[in-house]
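Enquirer: In case you want the letters, here they are:
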Amino acid sequence: MEQIIVNGLYLGAQYALIALGLTLIFSLMNVLNFAHGQMYVLGGFVTYSVVAQFGMPYLVGLLLAGVTLAVVGGLTERWLFRPVIAKSHREESTMLLAAGIAFFLDAIILLVFGEKQRGIPKIVDGVFNWDFIVVMPYDRIVIGLLAIGIIVGFILFMQHSKTGRAMRALAQDRVAAKLMGVNVDQYSMIGFAMGAMLAGLVGGLLVSITGINLGMGGPTSIKAFLMVMIGGAGVISGAIAGGFILGMLESVGLSVLSDYGDITYLVIFASLMIFLALRPQGLMGKPWG
Amino acid sequence: MNPILEVKNVSRRFGGLIAVDDVSFNVSAGEILSVIGPNGAGKSTLFKLISSFLKCSSGEVQLFGQRISNLSPHEVARKGVVRTFQETTIFKSMTVLENVIVAHQIRAKANLLDFFLRTPRAKSDEGRFKESALSIIDLMGLTEFKDEIATSLPQGYLRALGMSIGLATSPKLLLLDEPFAGMNHEETMRMVSTVGRLRDELRLTILLVEHDMPAVMKISDRIVVLNFGQKIAEGSPEAIQENPRVIEAYLGSEDTALGI
Amino acid sequence: MSAKKWLWLAVFLIAVFGVVPVFIEITGRSDLYYTLTSVALLSIASAGVWLTFYIGRINIGQGAFALVGGYVSAILVTQVTVNFWLTIPIAGLVCAALSVLIGLPILRLRGVYFAMVTLVLTEVAKLSALALPYTNGAKGITSIPLPGPLVLFDLVLLPGLESIANPKLMFYIIFSVLMVLAYWVLWRIVNSRLGHLCRSLQQNEELASSIGVNVAYIRVVAFSISSFLGGVAGAGFVGISQSIYPSSFQVADSINFMLNCFLGGLGYVFGPMLGTLVLYFGWDLLFVTGRYQLLIYSAILILLMLLVPNGMLSLFDRKKASS
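Chains as they are written, first to last, in the numbering used here: chain Y, 21 to 309; chain S, 29 to 288; chain C, 3 to 325.
Please note: incorrect hints may appear among the correct ones.
Taking CB as the label site, the calculated pair distances span [said to hold, decoys possible]:
#1 Y/D193 x S/E172: 33 to 39 Å
#2 C/A99 x Y/L298: 18 to 24 Å
#3 S/E172 x Y/L298: 46 to 52 Å
#4 C/I298 x Y/L199: 40 to 46 Å
#5 C/Q81 x S/R95: 48 to 54 Å
#6 Y/G146 x C/L309: 53 to 59 Å
#7 C/R293 x Y/D193: 44 to 50 Å
#8 Y/D193 x C/Y36: 51 to 57 Å
#9 Y/R194 x C/Q81: 52 to 58 Å
#10 Y/L298 x C/L183: 33 to 39 Å
#11 S/G44 x C/W186: 55 to 61 Å
Derived from the structure by calculation, the hints contain no laboratory data.
None of these values were measured; they are calculated from a predicted model.
Positions of the beta carbon are idealized from the N, C-alpha and C atoms, including for glycine.
Turn these sequences into a full structure, and let the hints guide you.
Expert: Next up, the structure:
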């Protein structure tokens with residue numbers, strides 16, 4: 021039981037980070053970043069290249085993953101999303117643009133990094149073993165703690181820094197923020213960059229545990245959407261809640277229900293649909309409509 | 029005169045908050061009744077309850093003696109109770125004339141298959157609708173704008189367009205949600221005379237919610253005053269202006285003077 | 003309809019039913035039949051998605067209905083020996099019924115919320131195909147025979163495909179006819195009062211409701227027509243590919259249907275048809291670029307969205323371009 025909980029916490033922390041990035045972008049620009057999974061994969065590959073091919077320390081790899089994705093995110097917002105949002109008559113265009121970007125990133129990843137599954141050597145050896153009740157490799161613990169650290173850092177940043185406060189104002193009410201003198205364009209770009217960075221960081225974190233490959237992009241995006249929808253779109257606490265819930269569900273599912281395979285997932289998804297139909301704002305989202 | 033609308037002990041709760049508390053009043057045919065009260069008094073909620081956009085927690089609303097509070101919003105609209113909105117809601121990318129014509133079309137009785145196959149009956153309706161739309165537009169003073177795109181209208185005229193859309197359905201009771209909001213004196217006076225014409229020329233019954241006291245005093249046949257969700261007074265404009273409870277309610281809040 | 007529009011229609015019909023078959027016979031590129039038949043079927047599915055956009059909803063679930071339609075057709079042909087051509091409308095009706103069931107609770111959701119639920123729907127469809135009985139799990143249903151003759155009261159309405167020389171041509175003609183029919187339906191809806199109703203919903207649901215429009219009913223009707231088209235498309239694919247798998251229609255396909263609508267232009271009835279043609283052909287043509295296929299494809303896609311964010315057909319609309 022304790023093992024399931026610990027696994028769930030570890031997975032949850034990773035998922036929460038992904039969900040946070042997505043929800044940040046959504047709350048600022050009302051865009052569901054279809055390319056989020058690809059950004060995660062890209063981050064993983066950057067870390068892999070830096071560590072396995074250039075032989076640099078892991079933390080450098082992780083950092084570069086974050087930086088690369090931040091740049092990609094910022095550029096994407098500035099040169100792709102901003103003009104499309106300005107010119108199009110309908111709000112769905114951004115969703116479609118994001119889908120196009122997802123394909124594009126997939127293509128780039130394919131060309132630059134290839135199709136193979138890649139991984140990096142364990143960053144810490146050894147296994148934590150508490151009487152065989154909880155068994156957890158040290159590297160997972162480290163990664164889990166790093167993830168939690170980043171989450172905490174992110175929350176503190178959003179609460180206390182000037183940039184964070186500006187972005188929160190922007191998320192609440194775009195027009196009011198503009199009237200208060202917030203440079204909406206600039207903060208949208210920063211927000212997107214940060215969201216992408218978070219995705220990239222998770223990629224860098226997980227490449228050391230589960231490895232990374234091209235095909236993970238799409239399913240990760242879908243998982244991210246699910247988390248954000250369960251927890252509540254556009255709400256930080258919702259993203260974290262969604263992330264940990266999905267982490268727990270997967271942990272439970274892996275150990276308890278693995279015999280039942282597809283029917284389990286079917287039931288989970290179907291229940292999800294019903295849940296969303298009844299409570300579209302998720303657990304913590306603002307009531308809408 | 030027989031009341032056409034009866035609001036009977038209507039209440040609405042949101043969790044622990046009672047927005048509308050046991051409110052009762054009647055609206056007689058052909059009169060203009062205004063509902064006023066300080067901010068937060070429950071006026072908008074009351075409106076939504078009458079037009080069935082919200083369900084009553086208790087009590088009921090009757091139209092011509094029949095219960096409408098258990099019907100869905102579009103059914104209530106079909107019974108003849110049409111509501112206009114506070115935010116100017118219109119069909120944005122069409123002209124003024126098209127807006128009003130569309131309102132006729134989407135209310136037309138012909139069934140779906142008729143629509144689809146364009147039967148002769150459907151075709152003859154089109155001519156009627158255009159005529160009706162033009163006369164409504166004329167009544168509302170919008171004739172000079174009839175071929176302009178709706179979003180290019182100035183604020184005051186947008187409100188008139190919203191009303192025109194409602195009028196296309198030949199309502200029996202018109203619910204006007206703050207029709208004078210955001211208007212200057214000249215626009216207000218114009219709207220006051222327009223609303224008066226709706227009562228006099230179209231024989232409409234009008235229930236309105238408003239903050240603008242001078243306008244309310246000028247236009248209303250009777251007034252109902254709400255405060256904290258409860259009805260605290262009902263009567264003619266003169267009686268309301270002198271009612272001590274009403275004066276007290278307004279002095280206790282930041283609202284405008286009673287326009288005496 | 004104006005004379006100009008009749009002319010366009012004539013040109014279109016001649017191109018589809020005259021020029022294409024002749025061209026293919028002359029050049030011997032009979033593989034193009036499969037390509038174009040696929041385009042026809044995909045554009046039927048995209049037409050359905052377009053219709054959901056028309057009532058103001060983002061539908062990322064058409065893949066689910068295509069999958070259901072395909073399986074209905076496959077099961078009816080292989081296990082109940084129903085004539086394939088009859089399974090097409092049946093598949094459509096099953097999907098329509100299903101969509102009413104699903105639509106009633108979810109159609110009141112808006113924007114991304116509705117979109118997300120439909121996204122989950124596509125996944126649910128795939129998982130159902132994997133897990134439920136009669137669908138043969140991951141192996142799918144294969145070796146589905148070519149359609150037999152359609153006989154009614156001893157009158158042969160359609161010959162069996164085993165017996166004719168050019169089955170591909172027959173599929174092409176029939177599914178192109180279906181495509182024309184589907185778009186005719188869309189055209190009639192848009193130009194009828196139902197169209198006005200739908201447009202009023204798109205613009206302002208509350209306003210429509212406040213003047214007596216039964217919004218919920220209209221939405222369900224539109225959604226069921228949309229899903230009917232999805233089911234028909236799925237059944238069609240079973241005919242030309244003679245197989246169906248749980249992976250035949252996935253989230254990527256649902257997204258592609260949306261892209262087709264989008265690229266052609268959401269404001270235009272023929273948008274999805276044009277979008278499907280360009281995107282599908284474009285993808286096919288880019289095959290020669292090998293590894294760079296996805297890169298160039300997606301780059302062009304993004305470029306198109308930057309240049310014509312309101313779809314390609316909006317280029318023809320000078321009124322909108324100048325505003």
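Enquirer: Each hint should be assessed against the structure and marked as holding or not.
Expert: Hint check:
1. Y/D193 x S/E172: 33 to 39 Å: holds (36 Å)
2. C/A99 x Y/L298: 18 to 24 Å: holds (22 Å)
3. S/E172 x Y/L298: 46 to 52 Å: holds (50 Å)
4. C/I298 x Y/L199: 40 to 46 Å: With a Cβ separation near 44 Å, C/I298 and Y/L199 satisfy 40 to 46 Å, so the hint holds.
5. C/Q81 x S/R95: 48 to 54 Å: holds (53 Å)
6. Y/G146 x C/L309: 53 to 59 Å: Because 56 Å falls inside the window, the suggested range holds.
7. C/R293 x Y/D193: 44 to 50 Å: holds (46 Å)
8. Y/D193 x C/Y36: 51 to 57 Å: Given range 51 to 57 Å: holds, Cβ gap about 53 Å.
9. Y/R194 x C/Q81: 52 to 58 Å: holds (56 Å)
10. Y/L298 x C/L183: 33 to 39 Å: holds (38 Å)
11. S/G44 x C/W186: 55 to 61 Å: The hint (55 to 61 Å, Cβ to Cβ) holds, given that S/G44 and C/W186 are roughly 56 Å apart.
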